[in-house]
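Chain by chain, the residues:
There are 2 protein chains.
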Amino acid sequence: MKKLTIAIDTLGGDLGPAAVVEGAEMALQQFPFLEPVLFGDEEVLRPLLKKDMKIIHAPTVIDPGESPTLAFRRKKDSSIVVGLKYVKEGHALGFVSAGSTGALLTGATVLIGRRPGIERPALGTVLPSKTGHTLLLDCGANMDSKPSYLAQFALLGTEYMQKCMGMTTPRVGLINVGLEEEKGNTLTKEAYALLKETSGINFVGNIEGRDILAGGVDVVVCDGFTGNVLLKHTEGFAKIILGMIKEQLLSTTISKIGALLAKGAFGKLKKRFDYREVGGAPFLGLNHIVIKAHGSSDALAIKNAIRQCVEYAGQ
Amino acid sequence: MKKLTIAIDTLGGDLGPAAVVEGAEMALQQFPFLEPVLFGDEEVLRPLLKKDMKIIHAPTVIDPGESPTLAFRRKKDSSIVVGLKYVKEGHALGFVSAGSTGALLTGATVLIGRRPGIERPALGTVLPSKTGHTLLLDCGANMDSKPSYLAQFALLGTEYMQKCMGMTTPRVGLINVGLEEEKGNTLTKEAYALLKETSGINFVGNIEGRDILAGGVDVVVCDGFTGNVLLKHTEGFAKIILGMIKEQLLSTTISKIGALLAKGAFGKLKKRFDYREVGGAPFLGLNHIVIKAHGSSDALAIKNAIRQCVEYAGQ
Numbered sequence: 233m234k235k236l237t238i239a240i241d242t243l244g245g246d247l248g249p250a251a252v253v254e255g256a257e258m259a260l261q262q263f264p265f266l267e268p269v270l271f272g273d274e275e276v277l278r279p280l281l282k283k284d285m286k287i288i289h290a291p292t293v294i295d296p297g298e299s300p301t302l303a304f305r306r307k308k309d310s311s312i313v314v315g316l317k318y319v320k321e322g323h324a325l326g327f328v329s330a331g332s333t334g335a336l337l338t339g340a341t342v343l344i345g346r347r348p349g350i351e352r353p354a355l356g357t358v359l360p361s362k363t364g365h366t367l368l369l370d371c372g373a374n375m376d377s378k379p380s381y382l383a384q385f386a387l388l389g390t391e392y393m394q395k396c397m398g399m400t401t402p403r404v405g406l407i408n409v410g411l412e413e414e415k416g417n418t419l420t421k422e423a424y425a426l427l428k429e430t431s432g433i434n435f436v437g438n439i440e441g442r443d444i445l446a447g448g449v450d451v452v453v454c455d456g457f458t459g460n461v462l463l464k465h466t467e468g469f470a471k472i473i474l475g476m477i478k479e480q481l482l483s484t485t486i487s488k489i490g491a492l493l494a495k496g497a498f499g500k501l502k503k504r505f506d507y508r509e510v511g512g513a514p515f516l517g518l519n520h521i522v523i524k525a526h527g528s529s530d531a532l533a534i535k536n537a538i539r540q541c542v543e544y545a546g547q
Numbered sequence: 233m234k235k236l237t238i239a240i241d242t243l244g245g246d247l248g249p250a251a252v253v254e255g256a257e258m259a260l261q262q263f264p265f266l267e268p269v270l271f272g273d274e275e276v277l278r279p280l281l282k283k284d285m286k287i288i289h290a291p292t293v294i295d296p297g298e299s300p301t302l303a304f305r306r307k308k309d310s311s312i313v314v315g316l317k318y319v320k321e322g323h324a325l326g327f328v329s330a331g332s333t334g335a336l337l338t339g340a341t342v343l344i345g346r347r348p349g350i351e352r353p354a355l356g357t358v359l360p361s362k363t364g365h366t367l368l369l370d371c372g373a374n375m376d377s378k379p380s381y382l383a384q385f386a387l388l389g390t391e392y393m394q395k396c397m398g399m400t401t402p403r404v405g406l407i408n409v410g411l412e413e414e415k416g417n418t419l420t421k422e423a424y425a426l427l428k429e430t431s432g433i434n435f436v437g438n439i440e441g442r443d444i445l446a447g448g449v450d451v452v453v454c455d456g457f458t459g460n461v462l463l464k465h466t467e468g469f470a471k472i473i474l475g476m477i478k479e480q481l482l483s484t485t486i487s488k489i490g491a492l493l494a495k496g497a498f499g500k501l502k503k504r505f506d507y508r509e510v511g512g513a514p515f516l517g518l519n520h521i522v523i524k525a526h527g528s529s530d531a532l533a534i535k536n537a538i539r540q541c542v543e544y545a546g547q
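Sequences listed follow chains Y and F, in order. Each position in the first sequence, counted from 1, maps to that position plus 232 in this note's numbering. Each position in the second sequence, counted from 1, maps to that position plus 232 in this note's numbering.
I should point out that these hints are in silico values taken from the structure, not numbers from a laboratory. Mixed in with the good hints, there may be bad ones.
Note: identical chains are not told apart, hence a pair may lie in one copy or across any two.
As the list claims (entries may be wrong) - With a cut-off of at most 30 angstroms between alpha-carbon atoms, the simulated BS3-like pairs for lysine-lysine come out as follows:
(1) LYS308 - LYS471
(2) LYS421 - LYS307
(3) LYS235 - LYS488
(4) LYS320 - LYS307
(5) LYS317 - LYS478
(6) LYS488 - LYS283
(7) LYS362 - LYS500
(8) LYS495 - LYS286
(9) LYS421 - LYS478
(10) LYS320 - LYS234
(11) LYS308 - LYS415
(12) LYS415 - LYS320
(13) LYS488 - LYS317
(14) LYS308 - LYS395
(15) LYS320 - LYS395
(16) LYS428 - LYS478
(17) LYS283 - LYS317
Computed from a prediction, not measured in an experiment: that's the story for all the values here.
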């Protein structure tokens with residue numbers, strides 16, 4: 233069986249290399265044809281391994297606070313730089329990292345390079361919708377976007393949902409302030425016209441804020457500013473609502489008993505919003521896929537981020 | 233005691249003139265110095281009145297689907313046109329309407345006119361935050377905004393929260409993708425610089441999506457596109473989460489019993505998200521305040537929209 237090599241950054245995650253190694257081992261169990269290559273401190277990694285895996289020594293970590301451009305010049309032996317170069321040179325089909333988003337985005341764009349026809353790569357996020365999953369992109373790679381970027385995001389998102397979610401013709405929506413074609417700002421008006429003409433996508437039109445997660449679309453495109461604000465707001469708001477519910481439930485004895493009886497129901501809901509089940513954020517539009525795993529990824533989250541790479545890169 | 237006159241549109245709301253009249257009567261009970269003036273069909277209104285109120289006959293309604301510009305030219309006897317003119321001529325200090333948002337925004341800008349120093353009026357929305365309330369503006373009046381608009385929104389929002397929420401120095405945040413000054417798109421970078429220099433506001437810096445409703449700021453400013461998408465997403469997402477909770481709670485007998493016991497707790501939460509308690513969306517930056525009440529406003533919602541006008545216009 234042909235091996236599928238994925239490069240994995242063991243540094244930069246909040247839980248340290250042990251969680252990443254465990255995640256890689258879980259992925260290996262699920263995909264026997266997978267060949268994980270670990271980037272990090274060999275001395276730390278070697279004792280953690282239960283299965284035989286290739287290690288490439290790259291012991292330096294890029295901190296989230298560092299300027300990505302400076303870090304790239306100075307930290308030539310960082311796991312992100314060495315790992316991305318490894319992918320660029322064709323030794324692996326994808327890269328997974330729970331490290332600094334800025335460094336990863338800058339590094340991937342510079343080192344791996346854009347796919348032909350793609351002006352700007354985009355950061356996607358798969359969100360749980362009412363009926364399934366919706367891919368939101370761009371979530372923050374391109375602050376000021378041009379209409380052509382949004383049309384390319386639609387193509388990239390379509391391909392991702394086909395490969396990783398098994399959809400045949402994902403529905404693409406443009407985030408806007410109204411359903412009518414003439415609604416919106418300069419960007420969305422021009423993007424609408426372009427999306428209508430773009431072949432290879434199933435463009436269903438504008439989608440308003442309230443319908444993004446209602447299940448009517450599979451891919452929603454927007455500029456990176458709007459996407460980033462929306463994504464973070466969604467995370468924050470979910471936490472606030474669930475916190476308010478908890479507070480209310482604990483406010484009286486009767487409702488406390490009620491909460492106890494309903495615990496199983498809340499558990500299921502929590503799982504639905506568990507980012508670890510979905511995996512990481514795909515960085516799309518490069519010559520190879522790069523997955524940004526959540527900073528606090530545990531083994532399960534890392535395993536699912538590797539799974540995304542396998543599904544995207546595999547045949 | 234000096235009378236405070238507010239113009240009230242009785243047409244365009246989903247529940248018809250009866251709900252508006254009842255709301256006006258409730259407001260009158262709370263504010264004996266209030267002088268409500270009702271705009272609508274006199275024949276319909278007269279029999280609804282329990283208290284004596286002034287009625288100005290303006291029987292035509294502008295539909296949400298109509299082009300605001302066309303409607304303004306054609307429907308000279310519509311409640312919105314006649315009511316706004318009444319305010320413009322100085323007979324009333326504010327206008328409340330549950331009618332078409334587009335017509336109201338266009339009409340108010342054209343007829344009532346902008347305040348000196350304000351380039352563009354903004355539509356605000358008061359959202360429940362973790363600790364109190366946050367005013368989000370612009371929620372959709374200005375699709376493509378300039379940095380100077382955002383600085384003016386900050387001033388308008390500050391004044392609103394002082395007058396209507398009794399705050400002395402409301403904290404103002406700029407919606408952005410990171411906390412650092414250099415983050416964001418072209419608009420927010422320039423707006424940050426301008427907000428720092430704007431006197432009369434308590435600018436606390438950038439605010440990320442996740443913190444908009446966390447309670448750390450009282451006024452958040454952004455362009456009308458971002459604000460509209462965010463606002464509608466918040467409404468839609470709250471509904472989706474609460475729907476998912478309901479579904480899970482009803483899925484087993486045990487959790488059903490739990491839900492029943494916890495009903496009071498959920499009721500309190502629902503009240504917290506009840507737009508009727510907050511009132512309508514203030515349209516700020518004009519020579520007089522205009523409140524856009526929710527289309528499905530009942531008497532309580534109308535009463536609170538009138539209360540906003542009274543608080544803003546009163547001394």
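Practice task
List, from low to high, the hint numbers that the structure doesn't satisfy.
Solution key: The structure conflicts with hints 1, 3, 5, 6, 8, 9, 13, 14 and 16, although it agrees with all the remaining ones.
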